[in-house]
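A.B. asks: Residue strings, one per chain:
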Amino acid sequence: MVLALELVGTFAFAVSGALLAVKKGFDIVGSLLLASLAGLGGGVIRDVMLAQGVPTAFGAPLYLIPVALAVLVVFVRLIREDRLRRTLLAFDAVGLSLFCVMGSFIAYEAGLNPVACVLLGVTTAVGGGALRDVVANEVPQIFNPDGVYAAPAFLGAAATTTALELGIFNAFAAVGIAAGIFVIRFLALKFRWRVPLAVLRPGPVR
Amino acid sequence: MVLALELVGTFAFAVSGALLAVKKGFDIVGSLLLASLAGLGGGVIRDVMLAQGVPTAFGAPLYLIPVALAVLVVFVRLIREDRLRRTLLAFDAVGLSLFCVMGSFIAYEAGLNPVACVLLGVTTAVGGGALRDVVANEVPQIFNPDGVYAAPAFLGAAATTTALELGIFNAFAAVGIAAGIFVIRFLALKFRWRVPLAVLRPGPVR
Amino acid sequence: MVLALELVGTFAFAVSGALLAVKKGFDIVGSLLLASLAGLGGGVIRDVMLAQGVPTAFGAPLYLIPVALAVLVVFVRLIREDRLRRTLLAFDAVGLSLFCVMGSFIAYEAGLNPVACVLLGVTTAVGGGALRDVVANEVPQIFNPDGVYAAPAFLGAAATTTALELGIFNAFAAVGIAAGIFVIRFLALKFRWRVPLAVLRPGPVR
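Residue numbers (full-length UniProt numbering), protein chains in the order written: chain A, 1 to 206; chain B, 1 to 206; chain C, 1 to 206.
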């Protein structure tokens, strides 16, 4: 079950990487690299932080299948890039929702304290997308003030950690929280929800 | 004592991250993420290199307090952003001075050889700021040839490692070295000190 | 022998870093940092993934010698920067060829499965150059669709892993595979070989 959700999340983020490769005019090998970074980067950062040996993305070849599949479906245009921005955002949101839940769960299993579980959930969720955007020389999605992005990941990681602490976390809870986070992210994009800027009443910047 | 200096350095770098978030027009969640990267990134890289389990920034929730505080003081404009560039540079310099000392000290405690202690001091000092700038899609401060930046960090890391080897390192030495490095960085900015360019007598670039 | 090839590869990538520092107008300390990232970054990422303690680049001060040497030869213009782009590409290609072989070999020695060995060979080969370009705020070489870049690294890592599995890997094989990969990269640049783009029949991007 854990594995299934991880693989779906990996596929979703990998599609977002392959679509960004299309947008930037990269070739198919670049698409494979960017899809790998997006799909596996968050999990690799999480595993390095947990310091429990070789990251699962390297240890288990299984994780390459959703990445290769993502590159393929984008290449043959099964996932069309002609409404590129919206499609990219949708797949990115699926990955975000699943990875904030899985990241917190895996950190909890590794015995970390609840605060660290929330932090690692957020890191797993935003890490892959941040790597994808930074390596492609774009300002990361996480910093786009149109619509909230990291805030739902915080929420999902906190809900997962709370459920784990209360002993009520299971497969249904995992899918439920992820679905809730996806809806929040979707509504945030549709209605252009915003969180306050980094400063109250900003003056002219010098 | 070690902890106190770490927390002050974290606060200083976190302020630099929150101020950069203001400059780039990010929202408060983006400010939190950029402040975390700037304040905790250098220490996390150091801990990953030392390979001694979960990085302290994740293991000890205490480290989040200076980050949250930094975002808050920037948000309510206790630290004003209207002389933004200068304020950002000042907080960045405090973080740089403290982290080159702390990075070398922690590497020494972990039993690394002196050369590695110097390298890890520099890495700790410039790592957080580099992550902050790279993720915000700016050319990192470390590469700005106006005023020296990494050179004082080298100096501070070398002085700390020497003091440790001679057995004369203590809390006073730590604060003394950090203060000296801050003054050097400050003078370098004020008088526009420069180190030689990467090439002797540069010709036209093709 | 392993060490010798590692040091030559480190020197080659470090030269590419120092030349990029010249191109970007950085000073000599920036050149040292960028040369370190380019020369040592791929190996450090590999060692962190292998989770076998402190990365060799930090544990063994010997690795700093090729980096310092690279910065020096660029500084005194022994390696001229007046045909900058071509020289940079040549040194980058030497590093790429050696590191895809060494990365796979070291991963194999660490007991990883063959797929992971190929992945880590590619990661070692493209990691340092990617860090170099990302930190200098350039679109990484790996994504340049003019001439193939990551594809030869895949080929070299796959050839090395196959040779290891068949028990026919030795110093001659290592140098032979690296030379073959260098020639392929060279021909790819000269004759502007291309791999297909990330999408079949790309339409206008929206």
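The reader is advised that the hints may include incorrect statements.
[To be verified] List of simulated lysine-lysine pairs, DSSO-like, C-alpha gap at most 27 Å:
| no. | chain 1 | residue 1 | chain 2 | residue 2 |
| --- | --- | --- | --- | --- |
| 1 | A | K24 | C | K24 |
| 2 | A | K24 | B | K190 |
| 3 | B | K190 | B | K24 |
[To be verified] Short derived list, chain B residues pointing at chain A, Cβ under 8 Å:
| no. | residue |
| --- | --- |
| 4 | M1 |
| 5 | A4 |
| 6 | V22 |
Keep in mind that the hints were calculated from the coordinates and are not lab data. Cβ coordinates follow ideal geometry from the N, Cα and C atoms, glycine included.
A.B. asks: Determine for every hint whether it applies to the structure shown.
C.D. replies: Cross-check of the supplied hints:
1. As the CA atoms of K24(A) and K24(C) are separated by approximately 23 Å, the hinted pair is consistent with the 27 Å bound.
2. Under the criterion of a C-alpha separation no larger than 27 Å, the hint pairing K24(A) with K190(B) is inconsistent with the structure, at around 41 Å.
3. About 25 Å separates the Cα atoms of K190(B) and K24(B), which keeps this hinted pair within 27 Å; it holds.
4. The beta carbon of M1(B) comes no nearer than 24 Å to any beta carbon in chain A, farther than 8 Å, and the hint placing it at the interface is violated.
5. The interface hint given for A4(B) is broken, as the beta carbon of that residue sits about 20 Å from the closest beta carbon of chain A, more than 8 Å.
6. Hint on V22(B) holds. Least Cβ distance to chain A is approximately 5 Å, under the 8 Å limit.
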